[in-house]
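Student: Sequence:
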Amino acid sequence: MKKSKLIALLQTFSDKEIKRFVEFAQSPWFNKSKNLCRFCELLAKAYPHFEESSIEKAHLYAQVFGVGKPYHDATLRNLVSDAMSLANRFLVQLNLELAPIEAHLYLARELVMRDTLNLAEKELQDIDRQLCQLNHSQGFYYQWRVLYYRLTDYLYYKQQKIDLRNQTLQQKLNNIFCNFWLDLFNLYSVLVNLNKTTTAYPFQLNEARAALKLFNPVQYEQQPQIIVAYYMACLSDKTAGWDVFLDLHNALKRHRRQLGSDIVIRANVFMANYLVHSAHAGSSETKQILLDLYLDNVALHEQRKENIPAWLFDVITDMSFGLKGEHWVQQFINRYESHLLPDVRAGWLMYARARLYFYQANYPDAIALLANNQPFHEQHYFYTRPLMLYAYFATANYDAFIALLDTLKHTLTRRKNELAPPKYTALKNSLAILPKLYKLRQHYTPALFNTLHTQLHNPQTPFHYKTWLQQQLAAMKQQPKTTPAVKLRK
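Position one of the sequence shown corresponds to residue 0 (numbering that gives the first Met the number 0), numbered consecutively onward.
Note that these hints are calculated values from the structure, not bench results.
Glycine included, each C-beta is placed from N, C-alpha and C at the ideal position.
Where hints are given, some of them may not hold.
Stated by the list, open to error - With a straight-line Cα cutoff of 30 angstroms, these simulated DSSO-like cross-link-like pairs (lysine-lysine) come out:
| id | residue 1 | residue 2 |
| --- | --- | --- |
| 1 | 408 | 237 |
| 2 | 476 | 323 |
| 3 | 422 | 476 |
| 4 | 304 | 2 |
| 5 | 252 | 237 |
| 6 | 465 | 422 |
| 7 | 415 | 195 |
| 8 | 237 | 68 |
| 9 | 33 | 2 |
| 10 | 286 | 252 |
| 11 | 1 | 68 |
| 12 | 121 | 171 |
| 13 | 476 | 435 |
| 14 | 195 | 237 |
| 15 | 408 | 422 |
| 16 | 4 | 68 |
| 17 | 323 | 422 |
| 18 | 252 | 304 |
| 19 | 415 | 286 |
| 20 | 1 | 56 |
| 21 | 18 | 68 |
| 22 | 237 | 415 |
| 23 | 435 | 408 |
Said to hold, decoys possible - Each pair of labels, with its calculated beta carbon distance range:
| id | residue 1 | residue 2 | range |
| --- | --- | --- | --- |
| 24 | 22 | 283 | 27 to 37 angstroms |
| 25 | 415 | 220 | 35 to 45 angstroms |
| 26 | 132 | 276 | 35 to 45 angstroms |
| 27 | 466 | 245 | 24 to 34 angstroms |
| 28 | 166 | 98 | 25 to 35 angstroms |
Kindly generate the complete structure, drawing on both the sequences and the hints.
Tutor: Following this line, the structure appears as structure tokens:
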């Protein structure tokens, strides 16, 4: 039972939700089985830890059907299946309560279909007032508006209110366009940014780019969601300049109170991705802006009572070492480790601590942690093995360095399509320059030093862990030997 899908689902419930789930199971409208009701009550008592002793099958069976009654596994399996179905229905009901507009739209539809037109008209007026109060702050605002106008259109058709119906049809068309533009801009931005940061998947974006050129932002100045989403899409383009970044930044600042936190989070991510790949990426000012954007998202996720995405935790613990120092990073890890998803928490924490050792130049401990790190991401290999390679380089462990370097090169070639092109290129460049750095350390020559210095300090050439590589090169620099002055005879 401990590893069942039912227990896994119930573990996601809050204290309040588990109590309401029991009330849901006790309602004869949703469940008429006393055995199922008793079973759900027993599971709620075992919440949140669900100890094996309290959810052992035979124990639960006896508690439901009576002590001494022979255990029947098929009966219990049916009970578990029914409880799972009930929990799913509970979540649907809960979602309707979290989005009351949808429940009102369902009601209005039923009233229109049943020809109770006066009641339907009153319900639709209430829905309109609620939508006006949202002030575009909800991501589903335009979807709800389209549904509202669809029902209003049907109502006026039945009432034969021709002029009102014509106005409604125009509003429905306008909101269909609003919904289209918002969905297009949001999805386009996500796909382009995934290609920058995560995947090499060949998304087909030509039609989306053609549609973007048709959009006139002047017509939508009173639609803050759409304007912000439009600037996000523009900023995602590889040709976007600093002016586009400022357009998005200023629009977000101007309309923030009118926007939902979900669109603010996305805008922060896309602005951060732009800065990471911009020519200003290495400056301390840009890094501070980046960190502020990331920390703003942490605060927003906390407000929404959500887990922090692992990538966000990772990038903050990485970049903040140079900006805030070791103590700040450790405090951040301690405060937010519980905000990571339980299934991947241990792996990400071990990786973050290994990287902290690495930045402290405690390479042996970093290697030890990385060698025993459990998988926490489908690209886990490309997180841990390059860092281990750099640690082998720093400790001058030549045999381990060469062996891992060869393995990494072959794996990178074989799994190229799993990485976003910028990450692949940066990692490939680092693997190519590392043997040259090793050679320089063994046999220093000014010519080789200057060549590597030019490569590593070229802002157009990306390298994985570029700053660290630059530091390694700087530490190898040797002063040219001076020739003793020859005394001339008088």
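Student: State for each hint whether it applies.
Tutor: Taking the hints in turn, this is what the structure says about them:
Taking the CA atoms of residue 408 and residue 237, the gap is near 28 angstroms; set against the 30 angstroms cutoff, the hint holds. Between residue 476 and residue 323, the direct Cα distance comes to roughly 28 angstroms. Compliance with the 30 angstroms bound is thereby established for this hinted pair. For the hint linking residue 422 to residue 476, the alpha-carbon distance of about 28 angstroms falls within 30 angstroms, and the restraint holds. For the hint pairing residue 304 with residue 2, the CA-to-CA distance comes to about 25 angstroms; that is within 30 angstroms, so the pair holds.
The suggested pairing of residue 252 with residue 237 holds, with an alpha-carbon distance near 23 angstroms, which does not exceed 30 angstroms. With a C-alpha separation of about 12 angstroms, the suggested pairing of residue 465 with residue 422 holds against the 30 angstroms cut-off. Distance hint between residue 415 and residue 195 is fulfilled; the C-alpha atoms sit about 14 angstroms from each other, no more than 30 angstroms. Restraint check for residue 237 and residue 68: the C-alpha separation of about 70 angstroms exceeds 30 angstroms, so the hint is violated.
For a cut-off of 30 angstroms, the pair hint linking residue 33 to residue 2 stands: about 25 angstroms separates their Cα positions. At roughly 20 angstroms between alpha-carbon atoms, residue 286 and residue 252 fall within 30 angstroms of each other, so this suggested pair holds. Between residue 1 and residue 68 the CA atoms are separated by roughly 23 angstroms; this keeps the pair inside 30 angstroms, and the hint holds. For the hint linking residue 121 to residue 171, the alpha-carbon distance of about 19 angstroms falls within 30 angstroms, and the restraint holds.
Distance hint between residue 476 and residue 435 is fulfilled; the C-alpha atoms sit about 14 angstroms from each other, no more than 30 angstroms. Taking the CA atoms of residue 195 and residue 237, the gap is near 10 angstroms; set against the 30 angstroms cutoff, the hint holds. Note on residue 408 and residue 422: the hinted pairing holds, with a Cα-Cα distance of about 14 angstroms set against a maximum of 30 angstroms. This hinted pair checks out: residue 4 and residue 68 have alpha carbons roughly 26 angstroms apart, not beyond 30 angstroms.
The straight-line distance between the Cα atoms of residue 323 and residue 422 is roughly 25 angstroms, inside the 30 angstroms bound, and the hint therefore holds. At roughly 23 angstroms between alpha-carbon atoms, residue 252 and residue 304 fall within 30 angstroms of each other, so this suggested pair holds. Of the pairs offered as hints, the one joining residue 415 and residue 286 holds, with about 28 angstroms between alpha carbons and a cut-off of 30 angstroms not exceeded. Of the supplied pair hints, the one linking residue 1 and residue 56 holds, its CA atoms being roughly 10 angstroms apart against a limit of 30 angstroms.
A distance of roughly 29 angstroms separates the Cα atoms of residue 18 and residue 68; the hinted pair therefore holds under the 30 angstroms criterion. Only pairs whose Cα atoms come within 30 angstroms are accepted, and residue 237 paired with residue 415 is accepted, the gap being roughly 21 angstroms. With a C-alpha separation of about 15 angstroms, the suggested pairing of residue 435 with residue 408 holds against the 30 angstroms cut-off. The hinted range of 27 to 37 angstroms is not satisfied by residue 22 and residue 283, whose Cβ atoms lie roughly 55 angstroms apart.
The hint said 35 to 45 angstroms for the Cβ distance between residue 415 and residue 220, and at roughly 44 angstroms that hint holds. One distance hint, 35 to 45 angstroms for the beta-carbon pair residue 132 and residue 276, holds here, with the actual separation near 39 angstroms. Range check, residue 466 to residue 245: about 27 angstroms between beta-carbon atoms, so the 24 to 34 angstroms window is met. Checked against the given bound of 25 to 35 angstroms, the beta carbons of residue 166 and residue 98, roughly 27 angstroms apart, stay inside it.
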